[in-house]
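The listed protein sequences correspond, in order, to chains A and B. Note that my numbering has the first sequence beginning at 1, numbered continuously upward. Note that my numbering has the second sequence beginning at 258, numbered continuously upward.
Please note: incorrect hints may appear among the correct ones.
What the hints assert, rightly or not - A short, non-exhaustive set of chain B residues, derived as facing chain A with CB atoms under 7 Å: (1) 456; (2) 460; (3) 462; (4) 602.
Claimed, not checked - Simulated restraints, written as ranges between beta carbons of each label pair: (5) 248/A with 590/B: 19 to 25 Å; (6) 219/A with 403/B: 30 to 36 Å; (7) 248/A with 555/B: 28 to 34 Å; (8) 291/B with 3/A: 47 to 53 Å.
Claimed, not checked - Dumping the calculated SDA-like pairs for lysine to any residue here, alpha-carbon to alpha-carbon at most 25 Å: (9) 14/A with 2/A; (10) 427/B with 3/A; (11) 47/A with 333/B; (12) 322/B with 268/B; (13) 686/B with 190/A; (14) 46/A with 529/B; (15) 14/A with 442/B; (16) 530/B with 542/B; (17) 481/B with 27/A; (18) 46/A with 137/A; (19) 46/A with 449/B; (20) 541/B with 442/B; (21) 395/B with 101/A; (22) 686/B with 174/A; (23) 583/B with 293/B; (24) 293/B with 369/B; (25) 440/B with 27/A; (26) 395/B with 561/B; (27) 481/B with 46/A; (28) 395/B with 686/B; (29) 46/A with 268/B.
Treat the hints as calculated values from the structure; they're not laboratory data. Built from N, CA and C at the ideal position, the CB exists for glycine as well.
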Amino acid sequence: MAIGETIRNSQIWKSIFRHPMPLDRRNRIVVMLTNFFLHLHPVSIKKQGIALSFTWCMGGVTFFLFLVETVTGVLLMFYYRPTLEWAYNDILALRDVTSLGILRELHRWGAHAMVITTWLHMYRVFLTGSYKPPREFNWVIGVILLLLTLLLSFTGYLLPWDQLAIWAITVGSNMARATPILGYEGPGSQLLTIGGIDMITDGSDARFGLLGARFVGEETLNRFYVLHCIAIPLATTLLLAIHFWRVRKDGGISGPL
Amino acid sequence: MHSNGFFLNDVAGFLGGYYAFIAIMNGIAALVLWRKKDAGTWAFVWSVFAGVMMIFASLALSGSKSMVPILPEAIRGLVNNLSGPVLYTLGTTGILVVLYVFRKFFVQPMVAWTVLNVSLLLLGLSMADENFAAIVMKPDNVPIVGLVYLLAFFTWVATKQAVVNDERIKQGLPVMEKVNDEKVLVWPDLVYTELICMIAVSALLLVWAIFLPAPLEEPASSVKTPNPSKAPWYFLGLQEMLVYFDPWYAGVVLPSLVVFGLMAMPYLDFNKKGNGYYSIEERKFSYLVWQFGFFELWITLIILGTFLRGPNWNFFGPFEYWTPYKVEVLNNVDLPQMFWVQWMDQPLPRAPQDAGVLSQIGYILFREAPGLLIMGAYLVVLPPLMAVTIFRRFYAKMGFIRYMVMSNLMLLMLTLPLKMALRWTLNLKYIISIPEFSLNF
Chain A
1 MAIGETIRNS QIWKSIFRHP MPLDRRNRIV VMLTNFFLHL HPVSIKKQGI ALSFTWCMGG
61 VTFFLFLVET VTGVLLMFYY RPTLEWAYND ILALRDVTSL GILRELHRWG AHAMVITTWL
121 HMYRVFLTGS YKPPREFNWV IGVILLLLTL LLSFTGYLLP WDQLAIWAIT VGSNMARATP
181 ILGYEGPGSQ LLTIGGIDMI TDGSDARFGL LGARFVGEET LNRFYVLHCI AIPLATTLLL
241 AIHFWRVRKD GGISGPL
Chain B
258 MHSNGFFLND VAGFLGGYYA FIAIMNGIAA LVLWRKKDAG TWAFVWSVFA GVMMIFASLA
318 LSGSKSMVPI LPEAIRGLVN NLSGPVLYTL GTTGILVVLY VFRKFFVQPM VAWTVLNVSL
378 LLLGLSMADE NFAAIVMKPD NVPIVGLVYL LAFFTWVATK QAVVNDERIK QGLPVMEKVN
438 DEKVLVWPDL VYTELICMIA VSALLLVWAI FLPAPLEEPA SSVKTPNPSK APWYFLGLQE
498 MLVYFDPWYA GVVLPSLVVF GLMAMPYLDF NKKGNGYYSI EERKFSYLVW QFGFFELWIT
558 LIILGTFLRG PNWNFFGPFE YWTPYKVEVL NNVDLPQMFW VQWMDQPLPR APQDAGVLSQ
618 IGYILFREAP GLLIMGAYLV VLPPLMAVTI FRRFYAKMGF IRYMVMSNLM LLMLTLPLKM
678 ALRWTLNLKY IISIPEFSLN F
């Protein structure tokens with residue numbers, strides 16, 4: 001106890017935590033206001049708002065899985081090179097050689113779980129009518145986050161560069177060439193011609209924009225890697241911040257009026 | 258692949274643990290019920306069931322292949338023969354409707370527990386079938402099995418509360434969420450709940466990662482197309498829609514509409530009740546529309562696309578071997594063909610060889626007139642018609658724009674089940690078929 005006391009009385013500890021241990025009512029309030037990570041929460045909350053039978057904790061679990069994906073993802077980036085020469089071999093090494101190869105399992109199953117928990121979170125928000133005013137706009141942000149979650153999973157699916165990966169992405173991205181007007185097999189794309197020259201070809205349509213090539217190849221691997229590791233996570237992080245902020249600003253967790 | 262050669266040796270160990278798990282689960286349930294004074298009968302039932310499951314577990318672990326409990330061959334064959342896209346869709350719809358209508362019965366804990374046990378038992382007995390296990394135990398398909406049970410569980414949790422709340426509202430009492438609204442401090446009550454959730458999820462994820470290796474197939478080859486080629490599982494509902502629609506609609510327009518419709522939802526739902534608590538009676542319309550879209554058009558299609566679609570996207574029963582040589586007759590006919598050739602008994606209208614562009618378009622429009630008229634009536638005539646009939650109250654409350662957005666979204670959502678029904682009954686392929694502009698619907 002004496003050591004603990006000494007540490008808690010030291011200048012270093014006190015500079016980090018600007019209050020005593022949250023053991024009494026006053027300090028339990030203070031800790032919520034002075035800690036960066038905790039200040040996302042309100043100080044007090046209605047009991048029903050935190051009942052597991054009401055929230056299922058699915059929003060929180062989804063966010064936690066996003067953090068798991070971020071940490072395991074960064075670690076995996078140390079091992080993995082997104083090139084035709086190395087991509088598959090690096091995953092193979094993760095499976096057979098690398099000591100922390102289980103990172104890949106954690107990352108993949110975490111991703112599947114995150115898709116599921118996102119759906120469950122949305123399902124709960126619907127069933128409790130929590131998308132209704134004043135929370136309409138936060139629901140819209142949630143829908144975008146759902147889309148980003150699916151895109152994160154979809155872009156990550158390609159990276160192992162095995163048969164499962166490229167054919168799933170081929171099937172998925174083939175849809176894009178049927179985009180109305182902008183896909184070269186889509187309805188109306190024949191109308192976009194200038195002087196008899198087609199504007200929309202398999203080298204300029206929506207699918208080409210997605211893949212960076214006419215078929216799933218090295219350009220696609222690079223493109224999906226950048227989208228997966230940088231672009232979409234950044235967008236997701238920004239929208240998550242707004243999503244959480246709006247929960248508070250729209251009156252906290254929903255409940256009967 | 259048809260014989261249960263080495264397969265049962267591999268799966269027996271898993272099944273032993275699986276049955277033991279069900280036994281322990283029911284043993285605990287029996288203990289809990291026994292301590293409550295008035296549930297003695299159920300405690301007895303579940304302890305007997307736990308005993309049977311222990312016997313199943315020891316049979317599975319006995320080391321003899323013939324002892325592993327399995328669904329009788331005759332039943333598996335019957336299921337295979339009966340199952341098809343039509344029965345699957347109608348069957349799941351029927352089950353969902355029954356669950357909804359008799360929800361007060363199904364939310365009772367003992368009923369729900371019975372349903373859970375029956376489904377777990379059937380899953381175990383099916384898993385001893387090689388063809389069934391090959392699909393369900395594919396690493397990337399395991400999450401879908403989890404999804405099904407999670408959805409069932411949480412739907413039960415939500416419906417149970419909704420039933421209680423609806424009853425209270427009827428009696429003029431406040432909803433349960435209102436009763437329970439004293440304030441507590443976030444530290445410790447919420448912060449610790451979150452911590453426990455994090456630890457539980459981490460533990461689950463670690464166990465999952467340890468016991469189920471992530472899939473890694475042969476290196477990518479753009480010349481070796483696997484059969485079937487499937488998108489990631491969460492997009493398989495969309496891939497299944499390709500059976501009924503062209504990619505421009507099933508893969509691009511419909512998904513965009515789903516996203517748009519979800520975003521529009523809070524602005525279309527003018528019902529002020531049911532905000533912040535579980536209720537079904539107070540918001541029946543939005544509840545039913547949502548559950549139809551979510552369960553019927555999303556989840557069941559994903560399950561169909563993942564578990565029951567094999568090579569060449571043919572339908573296979575749950576215990577059927579996925580042979581690439583299965584042949585299915587495709588005798589689907591386009592509506593213009595049906596109308597002009599079969600009913601009017603004359604060739605399809607075709608522009609003369611030297612016709613100009615405009616005259617060619619005229620001929621196309623004439624040829625497609627039946628389909629264009631039907632679609633026009635569906636999307637242009639129906640909304641105002643519904644506004645003065647079944648949706649009169651909606652129209653008055655929503656105003657023109659909001660009503661039009663809602664009715665069109667609903668009609669577009671219904672294009673999928675309608676097209677399915679037309680395919681099954683009339684073998685209809687396209688209602689509008691303009692290959693000249695890649696516009697088939």
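Hints, verified against the model:
Because the smallest distance between the Cβ of residue 456/B and any Cβ of chain A comes to about 10 Å, over 7 Å, the interface hint for this residue is violated. The criterion of a C-beta within 7 Å of any C-beta in chain A is not met by residue 460/B, whose closest approach is roughly 12 Å, and the hint is violated. Among the interface hints, the one on residue 462/B holds; its C-beta lies about 6 Å from the nearest C-beta in chain A, closer than the 7 Å criterion. This hint is violated: residue 602/B has a C-beta 30 Å from the nearest C-beta of chain A, more than the 7 Å allowed.
Between residue 248/A and residue 590/B the Cβ separation comes to about 58 Å, which falls outside the hinted range of 19 to 25 Å. Take residue 219/A and residue 403/B: their Cβ atoms lie about 35 Å apart, and the range 30 to 36 Å holds. Checked against the hint of 28 to 34 Å, the C-beta distance between residue 248/A and residue 555/B comes to roughly 31 Å, which is consistent with it. Against the hinted window of 47 to 53 Å, the Cβ-Cβ separation of residue 291/B and residue 3/A comes to about 48 Å, which satisfies the hint.
A threshold of 25 Å between alpha carbons decides the hint, and for residue 14/A with residue 2/A the separation of about 16 Å falls inside it, so the pair holds. A hinted pair counts as satisfied when its Cα atoms are at most 25 Å apart, and residue 427/B with residue 3/A does not qualify at roughly 61 Å. Taken as a hint, the residue 47/A and residue 333/B pair is broken in the structure, with Cα atoms around 49 Å apart against an allowance of 25 Å. For the hint pairing residue 322/B with residue 268/B, the CA-to-CA distance comes to about 10 Å; that is within 25 Å, so the pair holds.
For the given pair, residue 686/B sits about 23 Å from residue 190/A by alpha-carbon distance, which is consistent with the 25 Å threshold. A distance of roughly 21 Å separates the Cα atoms of residue 46/A and residue 529/B; the hinted pair therefore holds under the 25 Å criterion. The hinted pair formed by residue 14/A and residue 442/B meets the criterion: a straight-line CA distance of about 23 Å does not exceed 25 Å. With a C-alpha separation of about 12 Å, the suggested pair residue 530/B and residue 542/B falls inside the 25 Å cut-off, and the hint holds.
The straight-line distance between the Cα atoms of residue 481/B and residue 27/A is roughly 65 Å, outside the 25 Å bound, and the hint therefore fails. For the proposed pair residue 46/A and residue 137/A, the alpha carbon gap of about 23 Å is at most 25 Å, so the pair holds. At most 25 Å may separate the alpha-carbon atoms for a hinted pair to count; residue 46/A and residue 449/B meet this at roughly 16 Å. A threshold of 25 Å between alpha carbons decides the hint, and for residue 541/B with residue 442/B the separation of about 35 Å lies outside it, so the pair is violated.
The suggested pairing of residue 395/B with residue 101/A holds, with an alpha-carbon distance near 20 Å, which does not exceed 25 Å. Between residue 686/B and residue 174/A the alpha-carbon distance is near 21 Å, which keeps this suggested pair within the 25 Å criterion. For a cut-off of 25 Å, the pair hint linking residue 583/B to residue 293/B is broken: about 56 Å separates their Cα positions. Between the alpha carbons of residue 293/B and residue 369/B the distance comes to roughly 18 Å, so the proposed pair stays at or under 25 Å and holds.
As the CA atoms of residue 440/B and residue 27/A are separated by approximately 17 Å, the hinted pair is consistent with the 25 Å bound. Distance hint between residue 395/B and residue 561/B is fulfilled; the C-alpha atoms sit about 15 Å from each other, no more than 25 Å. A distance of roughly 58 Å separates the Cα atoms of residue 481/B and residue 46/A; the hinted pair therefore is violated under the 25 Å criterion. For the hint linking residue 395/B to residue 686/B, the alpha-carbon distance of about 33 Å lies beyond 25 Å, and the restraint is violated.
Pair hint residue 46/A plus residue 268/B does not hold up; C-alpha atoms about 48 Å apart against a cutoff of 25 Å.
Hint check: violations occur at hints 1, 2, 4, 5, 10, 11, 17, 20, 23, 27, 28, 29; the rest are consistent with the structure.
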